[in-house]
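Q: So the chains spell out like this:
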Amino acid sequence: MKKQTPIIEIRDLTAKYGETTVLDNISVDIYPQEITVILGVSGCGKTTMLKNMLRLYEPAGGSVRFWDQDILSLDDAAYNEVLKRTGMLFQNGALLNSISVYENISIPLEMHTNLSTEIIDRMIRVKLALVGLSEAIYKYPAELSGGMKKRAALARALALDPHILFCDEPSAGLDPVTSAALDELILDLKKQLQMTIVIVTHELGSIHRIADRIIFLDEGKILFTGNLADAMQAGIPQIDRFFKVGMF
Amino acid sequence: MQLYLSDRTLVLEGELNKLTVPIAAKELKATIKQNPVTMIDLSRISMIDSAGVAFLEELQLYLAPKTTLLLIKGASSNVQAVIDTFSSSDSLRITKERKKGYFEEVGEKFINFCQELYSGLTLASEIFYYSGVGLFSRKGQRKGSLTQQATQLGSQALPIVALLSLIVGFIIALQSGVQLQNFGANVFIADLLAITTVREMGPLITAIIVAGRSGSSIAAEIATMQVTEEIDALKMMALNPIRYVVVPKFHAITIVMPILVMFSVLVSEFGGALIAIGLLDIAPETFISRSIAMISIKDIIVSFGKSIWFAWVIVIIGAYYGFQVKGGAEGVGKATTSAVVSSIFGVIVFDAIFSLLYL
Ligand SMILES: Nc1ncnc2c1ncn2[C@@H]1O[C@H](COP(=O)(O)OP(=O)(O)O)[C@@H](O)[C@H]1O
Ligand SMILES: [Mg+2]
Chain A
830 MKKQTPIIEI RDLTAKYGET TVLDNISVDI YPQEITVILG VSGCGKTTML KNMLRLYEPA
890 GGSVRFWDQD ILSLDDAAYN EVLKRTGMLF QNGALLNSIS VYENISIPLE MHTNLSTEII
950 DRMIRVKLAL VGLSEAIYKY PAELSGGMKK RAALARALAL DPHILFCDEP SAGLDPVTSA
1010 ALDELILDLK KQLQMTIVIV THELGSIHRI ADRIIFLDEG KILFTGNLAD AMQAGIPQID
1070 RFFKVGMF
Chain B
679 MQLYLSDRTL VLEGELNKLT VPIAAKELKA TIKQNPVTMI DLSRISMIDS AGVAFLEELQ
739 LYLAPKTTLL LIKGASSNVQ AVIDTFSSSD SLRITKERKK GYFEEVGEKF INFCQELYSG
799 LTLASEIFYY SGVGLFSRKG QRKGSLTQQA TQLGSQALPI VALLSLIVGF IIALQSGVQL
859 QNFGANVFIA DLLAITTVRE MGPLITAIIV AGRSGSSIAA EIATMQVTEE IDALKMMALN
919 PIRYVVVPKF HAITIVMPIL VMFSVLVSEF GGALIAIGLL DIAPETFISR SIAMISIKDI
979 IVSFGKSIWF AWVIVIIGAY YGFQVKGGAE GVGKATTSAV VSSIFGVIVF DAIFSLLYL
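Here the protein sequences line up with chains A and B, keeping their order. The first sequence begins at 830 in my numbering and counts up by one. The second sequence begins at 679 in my numbering and counts up by one.
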């Protein structure tokens, strides 16, 4: 792996819900234009890690630097600038339920740019085409299947052409064909658009296809970071079990 | 299902399942009495299910204090497989929670209360702040959200406000009319009705209905958005959830509430007028002129002031419970109920305070 400067540096991040510590002093780097996959059994704190590193929940301790600025100490305006350069696909999509897919994708564009409605309209359509969901453009979230919701949410996450994209279990609940297409899309985003991508996933096939680097979480600690081949030879029982059984 | 002691070994025999566990449990004490048991023999168990495994774990716990070494042996491979599947490995490590002392418990409740109050006040101040900012800049709000919220709020509440106000007008006029008639003071019905509806009944009835209809829907909407990660998604899009979700509601309710109150007063007056004119033989002109003469500017200001204040109480309490939601869909229901109960309570308390301040 090349020596690079990290795009995100996480230091001693601690995350708690009330008294329960979910992440205990984790430190890890994310590198630009790489696909980093976060692995671990369900409930080990992967979603919590994403939300805390983005300050959607206030972490109990530690620091998170995006582009060399500590987002935990940024003022609102500067923090929002960081957010506008990052996109997130939530585990269940998290589309706003009271408005259509079209409006969902238009929100970040309307709120954060001065683009004309014609340009915005084109941008929405191209993002939906990218995720293969053009036919559902005027539907409401309640009228979509789980997989369609996720793809619509991915289109929304891509609305502002983010530099960093977070995906929380993007292919869970998708059929193998759509899931493989999604992997292709993610690889394309990295290759064509030089995006940095952080993905939580359990799909072994997907991990093999896309992962440049993996982070293995277990009981609130990071057990391993590095590339996949090294992970499989590291002789760490939890990781071996994970790859042997595959799904959790 | 049988169990018996042989030397220091407790032997279980037959099927140990959800049907036989109660029998075994009943016989257990009589069988063991005060005898020490160091071993449980499962070799004669022919079949076991999760209830049986749970029973074994309970049995271990029950016997543990009296013995130093407890062995479970002899399970056939089938039985062992079921035990492996259903046994919780740390079942022997159950520790009893220390019971809290009285003062500790009271103290804890008090601290919790203070924390809740603090976060409630923080939220209230944020809502006020962003609603103020929102007056001058629509940034971070969706186009048309205010109109949509206001229409929805108004149309939801209007019919029921009308109906209830009419009935309350009837009731006040009837009840007090009968009393006044005894003194031959029929005409005062107009004065009385005007004062009660403008200063008390209008704002109160409207607030209670709006709390029930719109307070609950504010809490439910925000709680649902919280549970489905929509709030996180808003934050992720660099949008402030308070500005995006709460501020349009705050503005809408501030505009709509006084209008609803005015409407409620007029309908109550109309209801009262029907009784006064129909049953108490008061001339329509007298009724109208006395009513108008009775109401001072101050009454109207108090009435509007109250209605706006109640509106804010409803939005803030609804938003508070919405953002506080814990757990999934079940949490949404709880948040909604708490919001309605608390906001009606809040409205009545503030009404009492207002009555003391502006006698
Ligand atoms: N909002 C919350 N409040 C309290 N506990 C939570 C909350 N969200 C998650 N948890 C707990 O934190 C742990 C990690 O959850 P999560 O990060 O969602 O796991 P993962 O995404 O790895 O499946 C779990 O034990 C879960 O029960
Ligand atoms: Mg998760």
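None of these hints come from the bench; they were simulated from the model. Please read all numbers here as calculations on a predicted model, not as lab measurements. Check each hint, because a few of them may be wrong.
Listed below are the simulated DSS-like cross-link pairs for lysine-lysine, each with C-alpha atoms no more than 30 Å apart in a straight line [stated by the list, open to error]:
(1) LYS1004(B) to LYS913(A)
(2) LYS913(A) to LYS817(B)
(3) LYS1073(A) to LYS1019(A)
(4) LYS845(A) to LYS1004(B)
(5) LYS778(B) to LYS1004(B)
(6) LYS778(B) to LYS913(A)
(7) LYS968(A) to LYS821(B)
(8) LYS968(A) to LYS817(B)
(9) LYS1012(B) to LYS845(A)
(10) LYS1012(B) to LYS1073(A)
(11) LYS1050(A) to LYS1004(B)
(12) LYS821(B) to LYS845(A)
Chain A side only, calculated, beta carbon under 7 Å to chain B, not exhaustive [said to hold, decoys possible]:
(13) LEU885
(14) ALA889
(15) ASN909
(16) LEU912
(17) ARG914
(18) MET917
(19) ALA923
(20) TYR931
(21) LEU938
Ideal Cβ placement from N, Cα and C applies to all residues, glycine included.
Q: Under the criterion of a CB-CB separation shorter than 7 Å, is LEU885(A) in contact with chain B as hinted?
A: Hint on LEU885(A): holds, closest Cβ of chain B at ~5 Å, below 7 Å.
Q: Are the Cα positions of LYS778(B) and LYS1004(B) separated by 30 Å at most?
A: holds, 25 Å
Q: For the restraint on TYR931(A), tell me whether the closest CB of chain B is nearer than 7 Å.
A: Hint on TYR931(A): violated, closest Cβ of chain B at ~13 Å, above 7 Å.
Q: Please work out if LYS1012(B) and LYS845(A) have their alpha carbons no farther apart than 30 Å.
A: holds, 24 Å
Q: Taken at face value, is the distance from the CA of LYS913(A) to the CA of LYS1004(B) at most 30 Å?
A: OK: LYS1004(B) and LYS913(A) at ~28 Å, within 30 Å.
Q: With chain B as the partner, please determine if ALA889(A) meets the hint condition of a C-beta pair closer than 7 Å.
A: This interface hint is violated because 16 Å lies over the 7 Å limit.
Q: When you check the alpha-carbon spacing of LYS968(A) and LYS817(B), does it fall within 30 Å?
A: Between LYS968(A) and LYS817(B) the Cα gap is close to 26 Å, so the pair holds against 30 Å.
Q: Holds or violated: LYS821(B) and LYS845(A), Cα atoms, limit 30 Å.
A: Judged against 30 Å, a Cα distance of about 37 Å means the pair is violated.
Q: Can we keep the LEU912(A) interface hint, with Cβ of chain B closer than 7 Å?
A: This hint holds: LEU912(A) lies near chain B, its Cβ roughly 4 Å from the closest one there, short of 7 Å.
Q: Need the status of pair LYS845(A), LYS1004(B): alpha-carbon distance at most 30 Å?
A: holds, 15 Å
Q: Please check whether ARG914(A) passes as an interface residue: C-beta within 7 Å of a C-beta belonging to chain B.
A: violated, 10 Å
Q: Holds or violated: LYS1073(A) with LYS1019(A), Cα cutoff 30 Å?
A: Holds, at about 28 Å.
The structure does not agree with the numbered hints 6, 10, 12, 14, 17, 20 and 21 stated previously, though it agrees with the rest.
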